[in-house]
Amino acid sequence: MSGVLVLMEQRGGAWNRMSFEALAAGQQLAAKLGLECSAAVAGDGVDALVKELAGKKLTKVFVIQHTLLKNYTPDGYVAALEQLVKKAAPAYVLLPHTYQVRDFAPALATRFRQVLISDVVAIHDGPVFVRQLLQGKLNADYKQAGAGPCFVSIQAGTFRAEDVEVGTAPVEDFAPQIDAVQIRSKPGEPFREAAQTVDLSAAPVIVSVGRGIGEQENIALVQELASALGAELAASRPICDNGWLPMERQVGSSGQTVSPKLYLAVGISGAIQHLVGMKGSKTVVAINKDENAPIFEVADYGIVGDLFEVVPELTKAVRAAKGQ
Amino acid sequence: MKILVAVKQVPERDAPISVAADGKWIDESSLSYTINEPDAYALEEALQLKEKNGGEVVVMCAGPERVTSTLREALAKGADRAIHIETNDLGQRDMLGIAQVLADAAKAESPDLILTGLQSDDLGLGQTGVVMAELLGIPHATIIMQVEVTDGGVKVKRELEDGWFQHVEMPLPALLTIQSGGNKLRYATLMGIKKAKTKETKTVQAAAVGAAPTITLERVYLPEKQKQTEMLTGTPAEMAAKLVEKLKSEVRVI
Amino acid sequence: MAAVVCVATVGAAVAAAFFYSGFHLSAILAEPEHFSKLEVALLLAGSIISLVLFFQRFGPILRTIFHSKKDADFSLRPIGRRVWDFFWEVLCQGKVIRQRPLPGLAHAFVFWGFLAFALVSLNHLANAVGLGFLNPASYIGEFYFSFAAVWAVLVAVAITGLFVRRFFSRPIWLGEKLSYESGVIALLIFLLMVSYLAQFFVGSGGIAVKAWWWTHTLTLLVFLPLIPHTKHLHLVISPFTVFLKRDEFSKIPPLSGDEDFGLVAGKDVTQLISLQVYSCVECGRCTEHCPASNTGKVLNPKEIALGVRSYLNEFGPASETPLLTEARTESPDNPPAKYMSMEAVFACTTCGSCEYQCPVGVQHLPIIVGLRRGAVNTGAWEDTHGTKLFLALEKQGNALGLSAAERDKFIQKQEFPIFDGTQEYCLWLGCMGGYDPRGREIIADFARVMRHLGTSFGVLKKEKCTGDPARRLGNDLVFQTLVEAGLKAFEIAKVQKIVTICPHCVRTIANDWREFGVAPEIEHHSEFMARHKDRLPRQDSGESIVYHDPCYLGRYRNVYEEPREIVEMAGDLVEAPRSHERSFCCGAGGGLAFLGEEKGERVNQVRAAELAGTGAKVVGTACPFCNTMFRDALASMGEAPPQLLDIAQLTARALPASERTGEQ
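Protein chains in written order, with the working numbering: chain H, 553 to 876; chain D, 2 to 255; chain C, 641 to 1304.
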């Protein structure tokens, strides 16, 4: 039992970028514990990815290629990875906390009579794995109690992909034994929903505009900011009442309820009807010229200022940061 | 079709949280409990499947006496029967141990389909369903938005990241973990509550705690950063720069 | 209003006196002297046919009413109130005249004329079989017949006026379709009067008097069976309806037994509801004042009454067929049934103007809320916003679905003391006062007023919704759960007196909670401030303030003057075109503040435009829901809309500056 093994995720020959955050976590944990760090990627036809991975500072890169791994299935992945983990016998198995990992990693850990420590937001000395409980209202320190590989999945954004150390790593092919009958589910091709109506409830970033915008023509200003951020444009009721934006973009008690990662409220004072529609947002940023506007009560970051001055600057800064 | 829904009772989302004296869990004395929200969606999916395809919906919950209120609520919303797995030592079992208790009860029912929420509002490990399926040796799929019964199996719509979806087909029996928000929840009705009084709730005892837990919760504590409005000041350009920095490093949307 | 009645009565008396003194010598009623056996037989046969036709319809109606479910909570007490309502609404025709003075007065003359005619008609028929009891030549007879003749003139004039109104000026409230039966009835009434009056101008014993006598008789015999076949049924039953109606405005009766979920099917329709819907005269007063009907919603309170009536006619009072059309397997062809839809009943703001206006004692709200209960308690109503509201009430205990921690933060910020039994008042925040930024300003200002007065108060550590939106939307499970929690909270905290800024909270705690226990006494802040107004600062602002009567303070609680006293201390009171009992709703009530987008015009915009149209500088409100509705509406009104202030804010702005600082 030794070393840290990071299980990277790819789909159709493209990385899930969160894999590199997990890789950074793995490298740092290994360094802290004085262990070796390896990585593995599973799939079929992943040569290009392997090449990229071989350019990182790793003890070994495992390539698990099998035609039955071409499309992800929990049965295929659990079977293949169980064999790899048995062979590599790492002390720690790190994974990015992606939807795919959530689908198979608990079963993989169960094969070893272990419990996955999922969605970890920090790793302290010990190692102690920090998770959030009760929707982030509480932090909890977890430790592995028994022997056997310790499975850990890392929350997005906890580590930075840029921190992955480069180097050269030997590549080792690993051929798992998988039988087609083991795979019980038939996955279909991934698809996107046809965009019929605006679904604000699923939008990760929303820029919302309120009465402070004054005129319909000025909405373009906010639309530019939304585009720069890759955000959906939404509005408070008066904007939709005036017909400046369609009703389906209305957030609030008579419109949609949203819970994005970022809700940027521009010129919205924060009437209760509006607040109930966006109170589930993870982060709220408010730009308003009235420092007493109730929206600031629910905001994480506030800017008191003239939106006609602040918004264009912000659009510029966002574009610069994104290299657009 | 017999559908088993595994639900969990959790502290109310808005309950004020204080850490217990031993620092290992929260003070439960003044907490009120409710059904875990993702499990409510699992129940809703089960009820809709029953309305479409007929069959029976059985709801089960492990925990002390207090969880019977959650079972009653589920019966009021339309479940046909309830199973209370009585145990007062959930805290001493790790996720594997709890999944084992649930799997034991599920086995006795031999359902066609097991549904549960994709994660719990309190611990949020998001694994119980998958581990149960593994212990029962049945196929599973997670983060499911829609379920359609086909000949001899189910076809489900699974949520992937970034607005992508995927259909997955699998034979029955199977276990699915249901995503919140895929359906609209129903409200409890007076008629439902009155009907629930006549429905059966079976109590079974959980097996004694077996293996020692593989992971332990060492301590819980309030996060240092409490939500507070941080006002950004300066010229418009300065404020914009400060905000972009926050969006990059804290909010992580850039 | 009383003046109108007085003038009318005095006028009639004067006319009678004039008639009597001036023409009594020549004005003696002629009666036929002899009736042949054939005539008597014809009369008897005619009477029997007439009565049979009458009961052929009236019998089933009575059976339907009596076979409807008993009203479990019915009590004749307080009898005094019933007697007064009967006197005022039936005998004085108070409501009829008050709302539509001219046609109302015309109707009153017809009604009073009928009363005067009762003896005349009885004597008229009795004459044929030799049992006449009023001798036209006797002193009493001469007086009475002349008196009746005056009324006959008035009735004839009035019915002509009503005929002209219905068939030529055609107000929209009477419905799009011309009611020909009303025309026939009007003609018959006119004929009755003319044939009576004619008998003053012919000699006794001649053929002419016989002819008029028979004309009068036949008219009567035709008129009688028409009564139960038309809306003129109200002639017979509405006096009972008015006397027997529920003793409280907008009273929602308790559910009885395990099988009662509200108005699901015919079997749930109670005797009072049956009686009331058969009494409806289709005058359309309810529709005329309905905020939903006036803004293009499918709800029409008149059609709700008629819908229940046509349902009863078709399916009977024991039927299991759902009352609401979308739940029925076969939709009946009856046109009123199309209004019996969920969309209609859930468009009601429960403002109560329909019930308030109804002259024949129809109580619409128990019917509308009853239909909602039937739909919600059985889970038949599926509405995204409604479900969200109910789940928020189930889980968070407030209609906004916000965390109780938000309220805690506000209380701390305001430094409101927690009620511990030592303070005089428990200040109830309500969901608006506890969570809504504007409602919080109102509460904060009212707290300042209380502090200024030196009145001790505290707030409850935890507060759940009074259940008002659940109650009005028909969710008895959520309502009962919230009431029980609320009663317990008050009991534990040993609260004696409550004061609050929200008329909905006041109404619900004061009246609706009674079904489950005894709540502490509660009053609205307008009542509290008016009582202490001598110790509150008077402002000579000269500012014009238009006051909007909230439905739940006015019609529901009869509080009209107290808030006006407060407004008058702050500026110059301006009355809106529709005010007091006739105030027009803001659109928030009945849980609608929490439901989705309205169809058609928005109620709040209609009312806000009316208020702004007075030219007042300030719109004064006394309800945080009205406040929030007008806030939205005024904001979209463009240039310089009037300022919007609650009466607590109007008062607090005049407090010494030292008492106003601190926050907000």
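Please keep in mind that the hints were generated in silico from the structure rather than gathered at the bench.
Be aware that a few hints might be false.
What the hints assert, rightly or not - 20 angstroms max Cα-Cα, derived EDC-like pairs, lysine to aspartate or glutamate:
| hint | chain 1 | residue 1 | chain 2 | residue 2 |
| --- | --- | --- | --- | --- |
| 1 | C | 1173 | C | 1022 |
| 2 | D | 196 | C | 1152 |
| 3 | C | 1137 | C | 1152 |
| 4 | D | 195 | C | 899 |
| 5 | C | 891 | C | 1299 |
| 6 | D | 243 | H | 599 |
| 7 | H | 638 | H | 731 |
| 8 | H | 874 | D | 219 |
| 9 | H | 622 | H | 634 |
| 10 | H | 874 | D | 90 |
| 11 | H | 689 | C | 898 |
| 12 | D | 53 | C | 1022 |
| 13 | H | 695 | D | 149 |
| 14 | D | 25 | D | 90 |
Computed from a predicted structure; not experimentally measured.
Between residue 689 of chain H and residue 898 of chain C, does the CA-CA distance stay at or below 20 angstroms? Violated. Residue 689 of chain H to residue 898 of chain C sits at ~42 angstroms, over the 20 angstroms cutoff.
Holds or violated: residue 874 of chain H and residue 219 of chain D, Cα atoms, limit 20 angstroms. Outside the cut-off at roughly 40 angstroms; violated.
Could you grab the alpha-carbon distance between residue 874 of chain H and residue 90 of chain D and see if it respects the 20 angstroms cut-off? Measuring from Cα to Cα gives roughly 51 angstroms; hence the hint is violated.
What's the verdict on residue 195 of chain D and residue 899 of chain C, does the C-alpha distance respect the 20 angstroms limit or exceed it? Since the Cα atoms of residue 195 of chain D and residue 899 of chain C sit roughly 9 angstroms apart, the hinted pair holds (cutoff 20 angstroms).
Hey, residue 695 of chain H versus residue 149 of chain D, does the alpha-carbon distance stay inside 20 angstroms? Distance ~40 angstroms between residue 695 of chain H and residue 149 of chain D Cα, so the pair is violated.
Quick one, are residue 638 of chain H and residue 731 of chain H close enough, alpha carbons at most 20 angstroms? Holds - the C-alpha atoms of residue 731 of chain H and residue 638 of chain H are around 18 angstroms apart, at most 20 angstroms.
Assess, step by step, whether the Cα of residue 1173 of chain C is no farther than 20 angstroms from the Cα of residue 1022 of chain C, and give holds or violated. violated (48 angstroms)
Given the hinted pair residue 196 of chain D and residue 1152 of chain C, is their alpha-carbon gap at most 20 angstroms? violated (25 angstroms)
Has the given pair, residue 243 of chain D with residue 599 of chain H, been kept, meaning a C-alpha gap of at most 20 angstroms? violated (42 angstroms)
Keeping to a limit of 20 angstroms between CA atoms, is the pair of residue 891 of chain C and residue 1299 of chain C held or broken? violated (42 angstroms)
Below or equal to 20 angstroms on CA atoms is what counts here, so check residue 25 of chain D against residue 90 of chain D. holds (14 angstroms)
CA of residue 622 of chain H to CA of residue 634 of chain H, is that 20 angstroms or under? This hinted pair holds, its Cα atoms lying about 17 angstroms apart.
Violated hints for the displayed structure, listed by number in ascending order: 1, 2, 5, 6, 8, 10, 11 and 13.
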